[in-house]
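From the two separate chains plus the hints, produce the assembled complex.
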Amino acid sequence: MRWLLVKDFQILRRSPLLVALLVAYPIALALMIGFALSSPPGKPKVAFLTEVPRGQGRIHLGSQDINISSYAKDLFASIQPIVVHSRGEAIADVRSGRALAAVIVPADIPQQIQSLVTSGVGTPTVQVILNTNDPVERQFASQAIQARLAQVEQAVSKQVLRVAVADLQQVLNGGTIQFLGHGFRLLGLRSSSALLQQAITQLPARSPLRSALGRVVGFADLAIQGLGFASPVLGSIGTPLTVQQTQLAGKTTPAATYAATISVIFSLMLVTMLLAAGMLALEREEHTFARLARGLVSPSALLAEKVVLAGGCAAAAALVMAGGISIFVSLEWSRFPLWVVALALAGIAFGALGVVIGGLAREVRAASLLAFMLSLPIAFIALVPTSAVSGTLKSVLDTVAFVFPFKPALDAANNAFSGTAPGIGWPLLHLAGLAVVFGLLARAAVRRLA
Amino acid sequence: MPATAATRPATLAARSVTKRFGDRTALSAVSFEMYSGELVAVIGPNGAGKTTLLSILAGIQTPSGGEVSTGAGKVGWVPQQPAIYSKLSVTENLRLFARLEKVRDPDAAVEKMLELTELRDRAGDEVGSLSGGNQQRVNVAVGLLCEPAALLLDEPSASLDPRQRERLWKFIGGLGGRGTTVAYSTHDVLEAERYADRVLVLADGELLFVGTPAELERAVGGSPRDFEVAFVRFLDEHGH
Chain Y
32 MRWLLVKDFQ ILRRSPLLVA LLVAYPIALA LMIGFALSSP PGKPKVAFLT EVPRGQGRIH
92 LGSQDINISS YAKDLFASIQ PIVVHSRGEA IADVRSGRAL AAVIVPADIP QQIQSLVTSG
152 VGTPTVQVIL NTNDPVERQF ASQAIQARLA QVEQAVSKQV LRVAVADLQQ VLNGGTIQFL
212 GHGFRLLGLR SSSALLQQAI TQLPARSPLR SALGRVVGFA DLAIQGLGFA SPVLGSIGTP
272 LTVQQTQLAG KTTPAATYAA TISVIFSLML VTMLLAAGML ALEREEHTFA RLARGLVSPS
332 ALLAEKVVLA GGCAAAAALV MAGGISIFVS LEWSRFPLWV VALALAGIAF GALGVVIGGL
392 AREVRAASLL AFMLSLPIAF IALVPTSAVS GTLKSVLDTV AFVFPFKPAL DAANNAFSGT
452 APGIGWPLLH LAGLAVVFGL LARAAVRRLA
Chain E
442 MPATAATRPA TLAARSVTKR FGDRTALSAV SFEMYSGELV AVIGPNGAGK TTLLSILAGI
502 QTPSGGEVST GAGKVGWVPQ QPAIYSKLSV TENLRLFARL EKVRDPDAAV EKMLELTELR
562 DRAGDEVGSL SGGNQQRVNV AVGLLCEPAA LLLDEPSASL DPRQRERLWK FIGGLGGRGT
622 TVAYSTHDVL EAERYADRVL VLADGELLFV GTPAELERAV GGSPRDFEVA FVRFLDEHGH
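As they're listed, the protein sequences go chains Y and E. First residue of the first sequence? That's 32 in my numbering, and the numbers climb one at a time after it. First residue of the second sequence? That's 442 in my numbering, and the numbers climb one at a time after it.
Do not rely on the hints blindly, as some may be mistaken.
Claimed, not checked - The calculated EDC-like cross-link candidates involving lysine to aspartate or glutamate, where the alpha carbons are at most 20 Å apart (straight line), are:
{"hint": "1", "chain 1": "E", "residue 1": "Lys611", "chain 2": "E", "residue 2": "Glu647"}
{"hint": "2", "chain 1": "E", "residue 1": "Lys528", "chain 2": "Y", "residue 2": "Asp139"}
{"hint": "3", "chain 1": "E", "residue 1": "Lys528", "chain 2": "Y", "residue 2": "Glu394"}
{"hint": "4", "chain 1": "Y", "residue 1": "Lys104", "chain 2": "Y", "residue 2": "Asp139"}
{"hint": "5", "chain 1": "E", "residue 1": "Lys553", "chain 2": "E", "residue 2": "Asp602"}
{"hint": "6", "chain 1": "Y", "residue 1": "Lys74", "chain 2": "Y", "residue 2": "Asp198"}
What the hints assert, rightly or not - Derived list of chain E stretches under chain Y, where covered just means 3 residues or more per stretch with a C-beta under 8 Å from a C-beta of chain Y:
{"hint": "7", "region": "470-476"}
{"hint": "8", "region": "512-524"}
{"hint": "9", "region": "534-543"}
The set of hints was computed from the structure by calculation and includes no laboratory data. Virtual Cβ for every residue (Gly too), placed ideally from N, Cα, C.
Chain E extracted, bound-state conformation (with noise of 0.2 Å):
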């Protein structure tokens, strides 16, 4: 996919994005670009500025310095826990959003989200009475209700287990095939290597590396034993 990417237009690109915190720098001129179907992880140590830089693409803060640009479609934004409300039912949550997103026809919107994220049994189910796995899953489904270009998502993953983890990748997997951009945080480097086509390697709000997983555990001299060893080592190599 990467090969291909030069050649397509950006679907979310971050030119010279940094944003202070009073004297605190959490993003220091950060530039990248995003293409359709692409799945980018952004990684790094705690307080690497990932959820900042998230926020940032999806609007929620405004940068200090520097700009973003998004392509022609919209840009849908998926907080690490679920954005929902927990009295309402799942129908009710994706008929809300869609109503609020002014999506053309809600009902329409809300059959289809509940067709892909395979909860139409639970549809009629308080959110709160949910698996953490399920709750995430309509919290992603309310990211996806405005049919973004791009889905950014602050660690997915956070909170689930195994099981839940596995059938979340299958479906944000899934949303690459059909052509959305997926950017996503975390804190886990394997789900990195296993799932992202590319990842953003963060520290100290420097962005340090932008590539394939193969191509970081190229960059680091040696051969490491796998993909975390490797992404350690650069993350030592570059005095973080």
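Chain Y with its partners taken away, still in its complex shape (with noise of 0.2 Å):
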């Protein structure tokens, strides 16, 4: 097997492009994703508009004013504003590709807010206008876009409740107003019941006014227990509920982690599948085969130096990658042993698979394509949250990811870059057992190479 290695080694150092490539590949990879999720998410381009007029976004609401003109800079804090000034400019721009979207605040919006929370009646609307050329590009920014809307919206509303909820007790509780810069004080609910008590007390026992009064302050009592109950209420409208997560696992993967690890196992595969399957489908291209096989070297000595040699130097290239990464995203270096351990396990399990497609194949180029083709599907397969799915296909997903080692390798890289559960004893031993099932398909695929 070692001269085979030397000569493969030989061939592979007369391929500069195909080992530029192999090397290259993975640095670049983990290059663009180290920045891709290194990097803060962009902030896209939207034109803005508000037509409401200076001086004029305040609305009333009992004793207080609200500004909502404030509440715009909200929105900028996930968009990149350019302000226009009219709507046709920012028509121009989306148009034009300048800005991705336009927000139009229109200049009736004070008021449509001011019916709403005076009478109920209303529909404050803000325009936003998209450019319908990227699909892509679209759904970010009306993601950013709305998201941010709903915040400002609940914002707007927390403080209206907030306003609604001091006059309430104001009303209840008595106070200070101010009305065109004087103050006056108010005697509040609760004040005037106890002033009334006193003065029904004061009254002779068969006055007729006795009556009338204990009804007022029947109905005073009544309003401070109904204004009373009120105020919590309004209060908790504005933050109705309350998330309290709970994680019951242990650790947990972060999701840059989970990203990188993907992009790593990913690439193994790639390069694993396509030398394997291409070195071994080599050997038939050039008539070496039969001359190897008459007893030069046995058929499952081949094999086995086509799966470490693929294994070995996909391997190598993934811990270059996986380092590379570890720069922009958090991975254990403590574990390396494992990683070389996970590493050298998928390349090999991987190897056995691209020998089985090098067997059938036959032929360099076909067995290539065949390679890149399945790699795709397993991956992606793999992928599928098989919990966003049900019945029957469910089972078809779990049993496809089982029967290819694309999901036990991302389970024994995950582990063994971030430590996390489940552990990675399982996952090698399912990669072990794939790399043997698929040598021995590989042992009967090759014949047909003879």
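Here it is as structure tokens:
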């Protein structure tokens, strides 16, 4: 096997384009993924037009004014605003691509909000214009704007509720309000009730006013109870639900680390399968298989050599890639020996699958194409969250993920990189089992080469 | 040479060798012997079983029946298309196969083959850059690395131009002169007549004739113009 390995390395050395691709591909992928994961999300450029005249962005609620124009700055937290001065300019910016979208705040929005909060009638509407050319960018801009508008809407609602609750408290307990620059003291329902009860006790026993004032006191008490109950209810509307998260398992993988792991395993799979399938098919294409199999090398030794060559090269490239990614994403270097074990075993399992393909395809080009075409669905199926589908489809996806090495390789590498549950033992055992099964299949497939 | 053949032990012998692929019989009870220094051509129409016979003699395929016995020496195998690595140089190919053949001194064996094939000046060139004739010489040299007592060549001159053929046959003739038994299959019956000591005529898996080219010409009636005509008439007379 040693001399075959030497020979294959000599052949690879004479194929500088292929070697450059094998070396450059994981490094470039590592850098791209690293930058993508470590960079903050971008802000879409959005043309922003407010038609509300300066100084008129206020609504009046009870005793207070709320400046709704001040909430526009909250919108700018998720977008890069391009201030425009007319609807035509906003639409032109979107059409030209200078802006991904436009947000137009109409002049009557303060009145609409005012009407809504005071009489329950009104439809405050913000207009969003989206560019329809690129569906991905359109969705990105739309989600950014809508998420931020929902936050602004919630902030305005909270402010309105705060004012309403404060006014109710003053009706209940009394206080001072400002009106036309003058301060006025409000008595409040509670004080009124107390005063009335005091007045009743001062009246003659048979005074007809006792009954009338008693009914007023009863109404006041009922109002106190009702409003006392209404205040906390109104206050709770602004934040009706609080979510408390509890993680049952121990350590979990950060999303960035998981994404990095996927990219490492995908690269490992692609490089291993292409190399194993291609190098075995090359023996057929060069007509050397029959000569080797004539007693010089056993078919099993030849297959093992291809698996070791492809798996070893790809695992080394994957280690370089993981090292590169660790500059951007947190990977646990203290577990490096487990990185090596997980990637090496994954390389062997993918290599065994690769030699099955090489044995079946027989020609380098066909083998490479088949390996590439098989890699993509294997990865995609393993990445579909099976809890998102049901019934038969779930069983099919689970089975496909089980019989190919991508899922166990991902689990093993995930544990090796970040020490997360489940443990590394089962995925490694699974990979070893798949390597044996694919090795046996390759042994049968390689008969076709002769 | 055939006159002395009976007195020498056979380098390679087939006894009732049969090969079936499913219902089809590719070889039917083929028996013959080959002797040291002898050049034997296996000829016959397409599908006669020439490549199957050589593959069985080389150990690449196993017979369905019968047996193949070899003398004390090894058997070298040269497939029809060069079975060498086009990205490796001539020297690297020879050294690799010498190591795989477990030759005691691989470097000496490489030197010897470079000398024999007269490819010393191309030793460092990638095989893929050589002409078809030179590639075939490397292909033959790889078959000779184990210093075989018998060398089997499957249509060695196919796809070569006349000049390259001439050089190849000179090279193969030299092997016979050094005592190596050489058996080759060919479509070109004139090559068989010119270079072979004996011919084996196969048709539909049956061995129809074993003897010298002159004996084949005598075996057909009348006076054929040349060996090719005699060969075709022989096949006709035997219902092929």
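*Pair hint outcome, E:Lys528 versus Y:Asp139 [Cα-Cα no greater than 20 Å]*: This hinted pair is violated, its Cα atoms lying about 78 Å apart.
*Is E:Lys611 close enough to E:Glu647, meaning Cα to Cα at most 20 Å?*
violated, 30 Å
_Verify this for me: three or more residues of the region 534-543 of chain E with a beta carbon less than 8 Å from a beta carbon of chain Y._
Result for this restraint: holds, n = 5.
*Check, residue by residue, whether the region 512-524 of chain E contains three or more positions whose beta-carbon lies closer than 8 Å to a beta-carbon of chain Y, and give the verdict.*
holds (count 5)
_Distance restraint between Y:Lys74 and Y:Asp198, which requires alpha-carbon spacing of 20 Å or less_ = violated, 39 Å
_For E:Lys553 and E:Asp602, compute the direct alpha-carbon distance and say whether it is at most 20 Å._
violated, 26 Å
*Do the alpha carbons of Y:Lys104 and Y:Asp139 lie within 20 Å of each other, as the hint requires?*
Within the cut-off at roughly 19 Å; holds.
*Per the coverage rule (Cβ-Cβ under 8 Å, at least three residues), is the region 470-476 of chain E covered by chain Y?*
This one is violated; 0 residues, fewer than the three required, reach chain Y with a Cβ under 8 Å.
*Is it true that the CA of E:Lys528 sits at most 20 Å from the CA of Y:Glu394?*
Given that 20 Å is the threshold and the Cα spacing comes to 16 Å, the pair holds.
Checked against the numbered hints given earlier, the structure breaks hints 1, 2, 5, 6 and 7 and satisfies all the rest.
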